[in-house]
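Starting from the given sequences, assemble the full structure and let the hints guide the process.
Residue numbers (the working numbering), protein chains in the order written: chain S, 1 to 511; chain Z, 1 to 511.
Check the hints yourself; a few may be wrong.
Note: identical chains are not told apart, hence a pair may lie in one copy or across any two.
Unchecked claim - No farther apart than 30 Å at their CA atoms in a straight line, the calculated lysine-lysine pairs in the DSSO-like style are these:
id	residue 1	residue 2
1	296	238
2	312	19
3	312	408
4	408	117
5	503	71
6	296	71
7	238	408
It should be emphasised that the hints constitute simulated quantities derived from the structure, not laboratory data. Every value quoted in this text rests on a predicted model; they were computed, and no experiment measured them.
Listed below are the residues making up each chain.
2 protein chains.
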Amino acid sequence: MVRRGARQGRSKREENEKKVVQQPFFFTQNPFVPLEPLNSDQLESIHRASMIILEQTGIEVNSLRARQFYKNAGAEVDEASQIVRLPQDLVISLLETAPSEFILTPTNSERALDIGKNNIHFGMVSGAPNVSCALHGRRPGNFDDYKNLIKLGQSFNVIHFFGNQTLSPNDLPVNTRHLDTAFVNLTYSDKIFLSMSIGGTRVRDTANMLAIARGLTIEELALSPSCITNVNINSPRKFDIEMAEALITLAELGQAVVVTPFTLMGAMAPITLAGALAQQNAEAIFGICLTQIVRKGAPVVYGGFTSNVDMKSGAPAFGTPENTRANMAGGQLARRYNLPYRTSACSASNAVDTQAVWETQMALWGAVSGHGNLIYHAAGWGEGGLVASYEKLVVDCEMLQAMSSLLKSVTFTNDDLGLSAQENVLPGGHFFGSEHTMSRYRDAFYPPFLSDWTNHEAWEAAGSQRAEDRATSVWQQMLEGFQPPNLPQDRIEALEEYVSRRKEEIGTNEL
Amino acid sequence: MVRRGARQGRSKREENEKKVVQQPFFFTQNPFVPLEPLNSDQLESIHRASMIILEQTGIEVNSLRARQFYKNAGAEVDEASQIVRLPQDLVISLLETAPSEFILTPTNSERALDIGKNNIHFGMVSGAPNVSCALHGRRPGNFDDYKNLIKLGQSFNVIHFFGNQTLSPNDLPVNTRHLDTAFVNLTYSDKIFLSMSIGGTRVRDTANMLAIARGLTIEELALSPSCITNVNINSPRKFDIEMAEALITLAELGQAVVVTPFTLMGAMAPITLAGALAQQNAEAIFGICLTQIVRKGAPVVYGGFTSNVDMKSGAPAFGTPENTRANMAGGQLARRYNLPYRTSACSASNAVDTQAVWETQMALWGAVSGHGNLIYHAAGWGEGGLVASYEKLVVDCEMLQAMSSLLKSVTFTNDDLGLSAQENVLPGGHFFGSEHTMSRYRDAFYPPFLSDWTNHEAWEAAGSQRAEDRATSVWQQMLEGFQPPNLPQDRIEALEEYVSRRKEEIGTNEL
Chain S
1 MVRRGARQGR SKREENEKKV VQQPFFFTQN PFVPLEPLNS DQLESIHRAS MIILEQTGIE
61 VNSLRARQFY KNAGAEVDEA SQIVRLPQDL VISLLETAPS EFILTPTNSE RALDIGKNNI
121 HFGMVSGAPN VSCALHGRRP GNFDDYKNLI KLGQSFNVIH FFGNQTLSPN DLPVNTRHLD
181 TAFVNLTYSD KIFLSMSIGG TRVRDTANML AIARGLTIEE LALSPSCITN VNINSPRKFD
241 IEMAEALITL AELGQAVVVT PFTLMGAMAP ITLAGALAQQ NAEAIFGICL TQIVRKGAPV
301 VYGGFTSNVD MKSGAPAFGT PENTRANMAG GQLARRYNLP YRTSACSASN AVDTQAVWET
361 QMALWGAVSG HGNLIYHAAG WGEGGLVASY EKLVVDCEML QAMSSLLKSV TFTNDDLGLS
421 AQENVLPGGH FFGSEHTMSR YRDAFYPPFL SDWTNHEAWE AAGSQRAEDR ATSVWQQMLE
481 GFQPPNLPQD RIEALEEYVS RRKEEIGTNE L
Chain Z
1 MVRRGARQGR SKREENEKKV VQQPFFFTQN PFVPLEPLNS DQLESIHRAS MIILEQTGIE
61 VNSLRARQFY KNAGAEVDEA SQIVRLPQDL VISLLETAPS EFILTPTNSE RALDIGKNNI
121 HFGMVSGAPN VSCALHGRRP GNFDDYKNLI KLGQSFNVIH FFGNQTLSPN DLPVNTRHLD
181 TAFVNLTYSD KIFLSMSIGG TRVRDTANML AIARGLTIEE LALSPSCITN VNINSPRKFD
241 IEMAEALITL AELGQAVVVT PFTLMGAMAP ITLAGALAQQ NAEAIFGICL TQIVRKGAPV
301 VYGGFTSNVD MKSGAPAFGT PENTRANMAG GQLARRYNLP YRTSACSASN AVDTQAVWET
361 QMALWGAVSG HGNLIYHAAG WGEGGLVASY EKLVVDCEML QAMSSLLKSV TFTNDDLGLS
421 AQENVLPGGH FFGSEHTMSR YRDAFYPPFL SDWTNHEAWE AAGSQRAEDR ATSVWQQMLE
481 GFQPPNLPQD RIEALEEYVS RRKEEIGTNE L
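As structure tokens, then:
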């Protein structure tokens, strides 16, 4: 059970805040026009190709319930092959009811996400099977590290949401771990988190727990959605039972779904950008259509996850020119259908090194300049998703803070133009002591928490630490100073009761 | 003297090319719209403020010859204070003759730079007093390292030009080192390089040597410029004798000048973005006007170098949100006057670490999305300009190659859309072996030379090398395989003669 220590905790926090000075929690809007690698003809030919895939090639749907939904809506369903084909007219009419923007409200309504338009939200690494830090090395994901990463994601103000299971807690039973992780997310954090998307039971449990945590009935939750999951299409063109059931269940509950095909160029998708995007578009739209068949107006997000593979090894690569371009182009496609857009900022490096950062920066700039609304995996992701790294998390949060600061709109007054200061500073002089500077210097510039700008001699004297080495003490300090959010005790107890009852019901049977 | 070894050299190169596989030399155009942090009202108020600085506050000009030029053109000159004030009408009429685009031709005309429009050129680090590599540590700049860095800049195809003195060869006499460095640039490289800008003598020597190397008279060189220098304004609002003389001399010779104020916000410029840009704009335009007074139509580039300082130490910071935004906004200002734009991709980190890369990436994206035509300091710059780093150079060249690849325009055919491949790959299958993939896989994706995409176990077994560690063997291989360009032997000898004669003339007197 989580109890907030009173005085002791607070003084710890004060101590911590002295050490790691970060920006306050705020929401980021992109003030720039989107960067668009596809011209309008190219965009239309990708759209048309995806319509041909949906209408002629079709998608295999393993869930009978899902096939029935599609069939009742007017799709052509071949029960023998389980292939579902969607006529273009049907697609277009279904897309019309999908909202272009929706609000997702966590336990703390001040951290509700407005998903759409030019709003950008940064999310934590999701689904990593391993975890790594400088102190304890690389190890399989486990529940203790899960809790730590939720604490860190809660503590870093630049993080707006958690992906599904920041890491995989392999020491917990598979069939009930969604209850434990949702409990940790709800009691250690007040930010939106994604639910596991394997089947209907897990997302329903998460929705129930969110309703309890917010003091709402499940019907009230439908009017103010909290729950969201990411549904992957099993690319190419296969929609499996577990994913379809998760999607249908959340749509029925009025909760949100992100539909993200996993289109690695040359592996699960054609090797060309055009071919991979056509497939991504067909598969994403296919899932989005199902949400609207189940519940008109259900909140839904267009997901893109197109990157290339290393053709020598077949390993996925991220932050490549191809991945960066696909992150931008995915935004063009989502905007074509007036849908919110989920993209990612990933890297493939095995270390928290220069490669990890150049890959993440390229992908992040693609995601931001492509006007992603949910930027997944933006903090702590390494090794192409195989590890959640504490140090990478700290480095990424520094980079996301700087990016958020860059994205603030420029405003200035006439006095900011500094003409009177120019009159008062001699040619070749300096502005250090001028009144214009002195009245502004405290918050004139973005203050990083990880950069070191001392001179070389001082840096060497202090131990020649690289930024990634300095990151270790940052996450240690953040964990030391952690304070859980203000969830009322009765709701925490109700959640505990729910988890305990559901564990009994589920038993040790695999779901 | 430089002699190209015949057979031995060539086989060495072949060996090297097997090891470090890079993209061929090509020119990069930006296919995207520019990102613009200033709205049109803000752009105009910065323009107006800079006109007030030029018209009312004025710039101190220490060169009598420069003051006379300004005066004869119609400026208001106060000889007592050496302050020159430019009426706005005069500024506007002078800017009209500055070209929006020009060609700069090195000894290899295939590497001529078309400076303007959406053309992007990446340049090496310039002016670093120190040098660093993993093998020999950090040391003062010297002529051997100078030669190595020119060889590397020549060898990396993604480098389009050299800044003024990649590093400072402190072991050469100050008054003649420009001759030695120009000789190395001309015989080890066939790419454009910037001349030292201290006084008229150095730039004249460089122009003379460029004419010799190209087999042209100095008059012919005026019709096909080769020489370019970067002139800094001594911000705030001071234009010193050496810089003015360099500018006047090159403009007289029909050669190119970049005018770059050094406007560190809170130090040499107001602490606000608006104030620093107003000053940058006034100072840059002030120098640009002089080029047009000296020679109507002289090739000239608008330079921006606005960043912030660490307000605790006064140390310059780079790759910050402020620097990134200024890189973008500088492009807006240059475009307002139809001038080519020079900006930079700098970092302040003391190591080749994650900080160095996130700073460089932020600055680089600002420079690229701001539509810089010359991106200075883009490879090998560290410590805010105090060090030229071999490993950083390799990391940067990898990043620049990836950026160049991203900037290629997207083209695709109907067949690329992969519809027939979709028909032939089963749902849930893969495209690895499909004909669509097999016919394209060799050059489908950008191939990095520094990224490691092996799995964690293989990476660990190979020694857990970070990208920056792997960079060392890359530059070693590049140096081993270096081949100088094809400058005819008689021109090399003529250059040697020129250097030797000028050294005698200059003697050991300081210039």
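How the hints compare with the structure:
For the identical chains of this complex, residue 296 and residue 238 are intra-copy neighbours only, at 23 Å inside a copy versus 67 Å across copies, given an alpha-carbon limit of 30 Å. In this assembly of identical chains, the alpha carbons of residue 312 and residue 19 lie at most 30 Å apart only when taken from different copies (16 Å versus 45 Å within one copy). In this assembly of identical chains, the alpha carbons of residue 312 and residue 408 lie at most 30 Å apart only when taken from different copies (23 Å versus 42 Å within one copy). With identical chains, the CA atoms of residue 408 and residue 117 are at most 30 Å apart both within one copy (16 Å) and between copies (28 Å).
Taking the closest pair of Cα atoms, residue 503 and residue 71 never come within 30 Å of each other, the shortest separation being 36 Å inside a single copy and 88 Å across copies. Taking the shortest alpha-carbon separations for residue 296 and residue 71, only the intra-copy value of 16 Å comes in at or below 30 Å, while the best inter-copy value is 74 Å. Taking the shortest Cα distances, residue 238 and residue 408 never come within 30 Å of each other, neither inside one copy (41 Å) nor across copies (33 Å).
Of the hints listed earlier, those the structure fails to meet are numbers 5, 7, in rising order.
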